[in-house]
Amino acid sequence: GNSVTQMEGPVTLSEEAFLTINCTYTATGYPSLFWYVQYPGEGLQLLLKATKADDKGSNKGFEATYRKETTSFHLEKGSVQVSDSAVYFCALTTPGNQFYFGTGTSLTVIP
Amino acid sequence: SAVISQKPSRDICQRGTSLTIQCQVDSQVTMMFWYRQQPGQSLTLIATANQGSEATYESGFVIDKFPISRPNLTFSTLTVSNLSPEDSSIYLCSVTDSGANVLTFGAGSRLTVL
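Residue numbers (this note's numbering), protein chains in the order written: chain Z, 1 to 111; chain D, 112 to 225.
Pulled out of the complex, with its shape left as it was, chain Z reads as follows (with noise of 0.2 Å):
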C-alpha cells in the first residue's frame, strides 16, 4: 500500500540555520509527491511538489528532489527564518488513489 514516513518532530533551530526534514515512502505505481505546509491557525497550503523521478521541486528557498532509488523526498531550505515556523507535512498520491500524509514535523526557528 502507499504510505508516507517523516522524520519526527519537534524541530528547533537558530535563524538562518539549515533545515532537512526526512521524507520517505511506500506507493504502488508511480506517485507524485509533496510538501505542504501549515502555518499556525491555518489550513495546509502546497509548498512544492515532484511528479517524477529526479524531478525538483522548489518554491520560497525550499528544495525538494524526488529520489527513486532511495524514495525518498527530503525537505531543505539553506537559510531559515522566523518566518518558516509552521508545520510540514509530506504527502504522496497515485493516479486514481487519495492523498497519504506524514504524521508532520513541527518547525520553530529562533531569532
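Think of the hints as simulated: they come from the structure by calculation, not from any bench.
Some clues are possibly wrong.
[Claimed, not checked] Estimated spans, in silico, between C-beta atoms of each pair:
hint, chain 1, residue 1, chain 2, residue 2, range
1, Z, E42, D, T128, 37 to 43 Å
2, D, L184, Z, E16, 44 to 50 Å
3, Z, N2, D, E165, 23 to 29 Å
4, D, Q152, Z, S58, 38 to 44 Å
5, Z, F18, D, T190, 42 to 48 Å
[Stated by the list, open to error] Sample of chain D residues with no beta-carbon within 12 Å of chain Z, all distances over it, derived:
hint, residue
6, D137
7, N193
8, L194
[Claimed, not checked] Now the stretches of chain D that chain Z is said to cover, found in silico as 3 or more residues with beta-carbon under 8 Å:
hint, segment
9, 124-136
10, 170-183
Each residue gets a CB set at the ideal place from its N, CA and C atoms; glycine is no exception.
Given chain Z's structure and the hints, the job is docking chain D onto it.
Just chain D, lined up with the frame of chain Z:
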C-alpha cells in the same frame, strides 16, 4: 487555485450535541474531500463528496456519525454527530485543482468537545 471558505473556524460543543461545518469553494469542483486532523497526528480522509450522489466514506467512518451533504458544485457540509471528547480535532475541507492533481485546503474548523 481554488479559494475555500470554511466555517466555523472554531467551536466548543457539549458532549452529545452535533456540529455542522460548511465549506464554500469559489469555483465549481467535482470532488470535495473532508479530512480530520487529530492533535499531533496526520490528516485522515473521512470521505469524498461528489455532487448528486452519496458520499464515499473511508474505513472507520460511517454516515450516521459523519453525514455529508453536497447540494451543488461549490458547497458541502460535514456534520459530526453525537459528539464525544474523542471528536475534538481540526476538520478540513479540500478540493483538487482542475488538472493539477494538487489538493487545496480550507483553513480548517477546530472543534473542542467538553
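Here's how the hints hold up against the structure:
1. E42/Z / T128/D: 37 to 43 Å: 27 Å, violated
2. L184/D / E16/Z: 44 to 50 Å: 46 Å, holds
3. N2/Z / E165/D: 23 to 29 Å: The hint (23 to 29 Å, Cβ to Cβ) holds, given that N2/Z and E165/D are roughly 25 Å apart.
4. Q152/D / S58/Z: 38 to 44 Å: Between Q152/D and S58/Z, where Cβ atoms are some 28 Å apart, the hint is violated.
5. F18/Z / T190/D: 42 to 48 Å: 46 Å, holds
6. D137: 15 Å, holds
7. N193: 26 Å, holds
8. L194: Holds: least Cβ distance 22 Å, greater than 12 Å.
9. 124-136: Result for this restraint: violated, n = 0.
10. 170-183: violated (count 0)
Going down the numbered hints, you'll see the structure goes against 1, 4, 9, 10, while the others check out.
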